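J.: As they're listed, the protein sequences go chains A and B.
Under numbering that gives the first Met the number 0, the residues of the first sequence are numbered 0 to 157, in order.
Under numbering that gives the first Met the number 0, the residues of the second sequence are numbered 0 to 157, in order.
In short, the hints are calculated from the structure, not lab data.
These figures come from a predicted structure and were not determined experimentally.
Heads up, some of the hints might be wrong.
No copy is singled out in the list; a pair is fine if it fits within one copy or between any two copies.
[Said to hold, decoys possible] For lysine-lysine, the following BS3-like pairs were computed, each having C-alpha atoms within a straight-line distance of at most 25 Å: (1) 130 to 155; (2) 65 to 146; (3) 21 to 146; (4) 5 to 155; (5) 4 to 65; (6) 155 to 21; (7) 130 to 146; (8) 5 to 146.
There are 2 protein chains.
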Amino acid sequence: MIEEKKFFMREAFRVAIEGVVKGVGGPFGAVVVRNGEIISRGCNSVLSTNDPTAHAEVVAIREACKNLGSFQLNDCEIYTSCEPCPMCMGAIYWARPLRVYFAANRFDAAAAGFDDSFIYDELLLPGEERKIPLLPFLREESAALFKVWNDSPLKKQY
Amino acid sequence: MIEEKKFFMREAFRVAIEGVVKGVGGPFGAVVVRNGEIISRGCNSVLSTNDPTAHAEVVAIREACKNLGSFQLNDCEIYTSCEPCPMCMGAIYWARPLRVYFAANRFDAAAAGFDDSFIYDELLLPGEERKIPLLPFLREESAALFKVWNDSPLKKQY
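Isolated chain A, as found in the complex (with noise of 0.2 Å):
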């Protein structure tokens, strides 16, 4: 079982080296695995594809749910070289597998140029007060289209 572990947590690391090295995108890959088979595999893609959205993360789920022909992970287990940033974490609640494991932490990360801490961090700050700012704009016209979700036909709970 660690074995198995092993064997794809190194998987993650591998694809992760070959991104480097085809310039594909920076240092990070991540496999998705269910019932002990691969499913799909992802590495960083941000330069190669002009993707800020490409991280290993999000390209191996979005490849996983497409050879899935689902929208959910469900069974499925993340390995990934490094500790998922914020839009990473979103994407995996959104995908919902039972679990990740992660090698490198955030920490590590920001140690080697790669500054996932600090959106983890602006999280937390009031949206006026963040680097990009968020700000409320005309919330009371909003209702309108939580309306017409819940009085659509094809509205559709995921």
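Starting from the structure of chain A, add chain B where the hints point.
T.: Frame of chain A; chain B shown alone:
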């Protein structure tokens, strides 16, 4: 100026409603604006694409980056119909727009059945106490990845 802001937020609302009516996804819309011009529009597309990361803001950010040929949204503003979830906030920090305007807040969303607020709470808990456990594993081996990156001729700050 205020009229222009209203125009952009209402465009985010329009995109959200269009998405619901067409069965694309939940009632959320976003637009990316630069110098008074709409660079991209996005609506929640989780249901139609089986992609749990396809929130309105992520869709709009990815599209804007594609249109601008950059992974950075310099000088851009984002108008979103609802306060971004942690995933979308993370995506926003990586894309680095100037500021974000939102209409409905996280509590309005929770009242309508979209529990982004729950994820914000989870991120404050130690990994092993979360609903989706986040567990450290093989940290000592992961330092090699950052070394590969730092030694790589393809290394690029992002």
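J.: Hints first: check each against the structure and report whether it holds.
T.: Here is how each hint holds up against the structure:
no.	hint	in the structure
1	130 to 155	between (36 Å within a copy, 23 Å between copies)
2	65 to 146	neither (30 Å within a copy, 32 Å between copies)
3	21 to 146	between (48 Å within a copy, 16 Å between copies)
4	5 to 155	neither (38 Å within a copy, 30 Å between copies)
5	4 to 65	within (24 Å within a copy, 37 Å between copies)
6	155 to 21	between (41 Å within a copy, 13 Å between copies)
7	130 to 146	neither (33 Å within a copy, 30 Å between copies)
8	5 to 146	between (48 Å within a copy, 20 Å between copies)
The structure does not agree with the numbered hints 2, 4 and 7 stated previously, though it agrees with the rest.
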